[in-house]
Amino acid sequence: MSATLVQQLELLPDYLGRHLLLSVTALAIGIALSLPLAFALVRLKALRAPVLMVASAVQTIPGLALLALMVPVLGRIGFLPAAIALVLYSALPVLRNTVTGIEDVDPDLIEAGRGLGMTPNQLLLKVQLPLALPVIVAGIRTATVWVVGLATLSTPVGATSLGNYIFSGLQTQNYTAVLVGCIAAAALALVLDGLIRAIEIALVRRDRTLMGAAALATIALLTAGLAPVLLGGSADARPRVVIGTKTFTEQYVLGRLIASELEAAGFRTQMLESLGSTVAFDALAAGRIDCYVDYTGTIWANHMRRADNPGREAVMRDVTAWLARTHAIELVAALGFENAYALAMTRDRAAALGVRTIADLAAHAPELAIGGDYEFFSRPEWRDLRARYGLAFGDLVTMDPTLMYAALAGDEVDVISAFSTDGRIAAFDLTLLEDTAGALPPYDAVVLMAPGAAERLPGLRAALAGLAGAVDDETMRAANKHVDLDGGTVEDAARLLSSR
Amino acid sequence: MVRDVIALENVSKTYDGAGAPAVRGIDLDVAAESLLALVGESGCGKTTTLKMMNRLVEPSAGRVTVAGEDVRSLDPIVLRRRIGYAFQGVGLFPHLDVAANVATVPRLLHWTEREIAARVDELLEMVGLPPAQFRGRYPRELSGGEQQRVGVARALAARAKVLLMDEPFGALDPITRDALQSELKTLQRALGLTVVLVTHDVTEALLLADRIAVMKDGAIVGHDTPGRLMADPHPYVRALMDMPRRHAERIARVAGSA
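Taken in sequence, the protein lines are chains A and B. Using this note's numbering, read the first sequence as starting at 1 and increasing by one per residue. Using this note's numbering, read the second sequence as starting at 501 and increasing by one per residue.
These are calculated hints, taken from the structure and not from any lab test. Any given hint could turn out to be false.
Residues from chain B shown here face chain A by an in silico Cβ test under 10 angstroms; the list is partial [what the hints assert, rightly or not]: (1) K551; (2) L556; (3) I577; (4) R580; (5) I583; (6) Y585; (7) G589; (8) G591; (9) F593; (10) L596; (11) R607; (12) R654; (13) A655; (14) I751; (15) A752.
Covered stretches of chain A, as calculated for chain B (at least 3 residues, CB under 8 angstroms) [claimed, not checked]: (16) 126 to 132; (17) 206 to 212.
As the structure is a computational prediction, the values presented were derived from the model and not from experiment. We put the CB at the ideal spot given by N, CA and C, even for glycine.
Could you put the whole structure together from the sequences, leaning on the hints where they help?
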């Protein structure tokens, strides 16, 4: 077995256990709410169409969006918003199948039940439910497979799941991790589906042995799956620090760097990886994570809504003060490098057009296409950049950041919004255009600490402060390249940083 | 003593959203231990009339009494458990075996399992289905006639003295129908049942009923013993009674020419 696979499988008990806990909780609540609602809908015909329509509408919201929407709605991240989104998602198949299953029972049987003197409840329990059971169970099985699959998308809202394999694996090009995550999720869905089917057969045949076996298997699965989650690490008395990361290579590497630094200082650490950009900030403000790395320019533009650029030191000073004043968040250390938005071109193309600075680009822009990541063209920096240099590109193309570099190298676009620490800048022989007017704010990487974390975790501030100036642009670029281009692991890349 | 077990006084029924009433101001008495047949063509109101007797349908006006009690003063659930009900669809529960189907009402009434088992065997015996052979079978394993027999056994399970039947033999082949008809008559006499039988088959009514009520457009246009009804002057009744008479005469001619 390869070392990568062994390394991934070590994470499996935790990821699988949390995935199982999340899916089973959501399903149990979903079924417990949907079944009685469906029974009510059978009797209240007027409510049926509107309720089913709402359930269908929820279903049409893409899973990732539904999960992400729960965060602002509930004002928190992690298990709760993920579970509620999954509960909503599970409702439709259970509701629809239960209502149609009961409605489709032969009217002669209803007539017989009423004629024999059954009350409406007896009719439901003794006639309608047993006969609708296969259809209802089919709905529950559909919901189970959906929920287990969708739970992989709960990683960016801060609920650990098998999706952690998939999100971090895709970003760091670790396809072993992606495969482990997919296979484990599929296997879990099949096992749960099979168990429900077994319970159904046992119910229909009134087979006590099969029912007992299915119940035992369910208990065994839940015990084995949940034990590492519910018992994990309780024996360890060392204080525990939760480290957050966003969803790109540099963040995973820096997360490990912080973890090893803190472990050396006597802390236990737990990673909460692949958080959406604003989710990470909100999680820190709410104390759900204790620290993570953000960038001054991101806070400046996205959270402080500033479009001006008073210079690197002034931005650092203002961001530090703003974080402390408005969120009681402490900016503990600047790591020493900047990961800025920068416009990049291939060296040949830049030379051919005679472009060295962004200002040089203005004359050629109408004939050029620019590629940007998902957020770049809606960010204030882009508006500022266009206004400052009078840029009017012929075409704007939004694409995944991992694909941008290849698109540039393949001449599909002429300019991209690169990240200045990306290892691919050197690898694809790109040149970064100088921002002579200072339109793009500085993006110093800074370690942020949650409100009250310093008091709760004595020694944390000192340990994190030790990272100040620990990583320069060159080193960060080399570490990113190690993962993105050379196929190295995130752990090795982190060691590359700490050895400097 | 002959007294009326079921009585309808000036009973009408208009369904929600329907223009014309389904039943218009009818009076009807059913004597104890007798068999009344309600005949008439589809839509004449005979099924509605039957269903008002166990409150599967509520009258719009008038009074229905069962054993002297106004049915409106009775809990419909209790009323239906006291009155047997069998219909063309039979409605045997497909997820339950024959014994469990027959035991439906005794179970609702919380009889002991021992009482229930004894009663099931007694009933299956009574409707001509050997219990050892039929107890554990499922409805899908039975012929149409066997299903209807189980249906009757289920209707009578809680020792009902009144049995309402809606076209119970309508879907059966002629030989099975004939057998079940005579068994019903035997059963009715043996158990002293009061039976109301809805049928569009006038011959069946003539052969089984003590009295026949003829319905047309929601009204009763004739109500008498089979013999006297054959001589009723009402044009519709006469037309209706003519059919079996003509058939009988033709059959007699065919038989005579052989």
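Structure-based check of each hint:
1. K551: This hint holds: B/K551 lies near chain A, its Cβ roughly 9 angstroms from the closest one there, short of 10 angstroms.
2. L556: For B/L556, the interface hint holds, since the closest Cβ of chain A sits about 6 angstroms away, which is under 10 angstroms.
3. I577: 5 angstroms, holds
4. R580: 4 angstroms, holds
5. I583: 8 angstroms, holds
6. Y585: 4 angstroms, holds
7. G589: 3 angstroms, holds
8. G591: 3 angstroms, holds
9. F593: Status holds, d = 6 angstroms.
10. L596: 8 angstroms, holds
11. R607: With a closest approach of 9 angstroms, the B/R607 hint holds.
12. R654: OK, holds: B/R654 within 10 angstroms of chain A, min 7 angstroms.
13. A655: Check passed: Cβ of B/A655 comes within 8 angstroms of chain A, closer than 10 angstroms.
14. I751: 34 angstroms, violated
15. A752: 39 angstroms, violated
16. 126 to 132: holds (count 4)
17. 206 to 212: Our answer is that it is violated, as 0 residues pass the Cβ test (under 8 angstroms) against chain B, missing three.
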